[in-house]
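Peer 1: Protein chains in written order, with this note's numbering: chain A, 1408 to 1644; chain B, 96 to 309.
Hints in this document: simulated from the structure, not taken from any laboratory.
Some chain B residues close to chain A (C-beta under 7 angstroms, calculated; not the full set):
#1 Thr97
#2 Arg149
#3 Ser150
#4 Pro152
#5 Phe153
#6 Met156
#7 Leu157
#8 Gly158
#9 Ser160
#10 Arg162
Beta carbons: idealized from backbone N, C-alpha and C, even for Gly.
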Amino acid sequence: MFGQVPAENDTVLRRMVFVREEQSYPDFRVGHAIRVASWFYPNWNEELAQQLLADFDLPLGRRIKRLSRGMRSAVGIVIGLAARAELTLFDEPYADLDAVARQLFYDRLLAEFAEYPRTVVLSTHLIDEVADLLEHVVMFDHGRVVLDAPADDVRGTGMTVSGPATSVEEFVAGCTVWHRHRHRHRLGSRASVSIADSLDFATQARVRAMHLSVETLSLQQLLVHAAGISADEKVSA
Amino acid sequence: MTYVAMPWGIMTFSFLVNVVISASTPTGPNGIYTGGLATIYCFLLVCGTLSMTRSLPFGLMLGVSRRNYYLGTALLVVVLGVVYGLGLTLLQLVERATGGWNLSLHFFRVPWIMDGPWYQTWLTSFVILVLFFLYGMWYGLVYRRWSLLGLVAFIAAQVVVALVVVVVVSMTHNWHAVGQFFATVTVPTLTAVLAGIAVVLGLGGFTTLRRVTV
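Generate coordinates for the entire structure from the input sequences, incorporating the hints supplied.
Peer 2: What follows is the structure, given as structure tokens:
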């Protein structure tokens, strides 16, 4: 990292910040923790820290031990963003935040990234929420890397086709089928199948011609399928 | 604050309790000797443990290397040891001057080891304070690295070491020499031995630190 081995390397460690979920703090108040963090980062932006504290509604004088889980995560996020470290690592610190706070985090993260670009690595289980923020995706399944690609290469590579069963079957013949959805409430024979195919002009035309409806799969669904595929490969191997 | 208010607060409390007791009970001819001073040392052990269990994850978050964190804490301990040792020495002098707080109470004048000249008391207090803190730090690190089971194993290991020493001394019939040592050792020598033990504890904690994960 930065051309050197990072373990116990002060010059490298100085340039990164690691925000984790379940971060434990010493017996500090919120204001203390922020002040201490500001000593460690040359690029620290105090204005941003204060603004974020106000946005997340964090009381400066309260002991961190007495904060709710969500607020404690917010403290970590404030430090992580205001540090403006060249390598910023977020290990699901927003897992305890409510939806409003999470959205606030994503917005601030994007704004911060635009104003002060840096390498941000975040791990998450809430893929759809960050899908638009990602430039590169790495997915782990049982400790192995299952997918490692630029996000743009992954987006749009799958879709769900729905319509009369026979037309759908004709359409998906020859494509990699990921999943056949079962419909219990439909009358008549209708089907809905997820396949690996991108919605280019030719495909769109075919869809229209056969009177089918199509929906591109979200990044989350694509990754779920990718994990499913790798599991099958393991079984067959 | 954990490092300043609590050690002194607890010791002051113990001191006041001893004052009340010695004021309300008839005093023997030699005055009253109490071990209440031990409270500040024991609490420094607790502080040492806390420094590695509660503050270390925060330090690691901010990109402090483990080595720096350890050395920084050790430096803090040395400074604390000097300052607190001085405080204890001054209290000892006041106690001597007031004849045991007018009650013949020996709280800060521990017989033999802390009853001598002020510089000796300062040095000995310093060494013992630092020793307890470093010992506490090692406990904290063992707990972080190997959790409760490891902590118990750590204590068991120390007991085994003591056991081995006892067995070896017995088998080589050296109890006489040991007794001789303890009977003739002077305070400076003992202080030096304690300082050596403190260094060993410091190094032990450092090796445990290398692979502590958060």
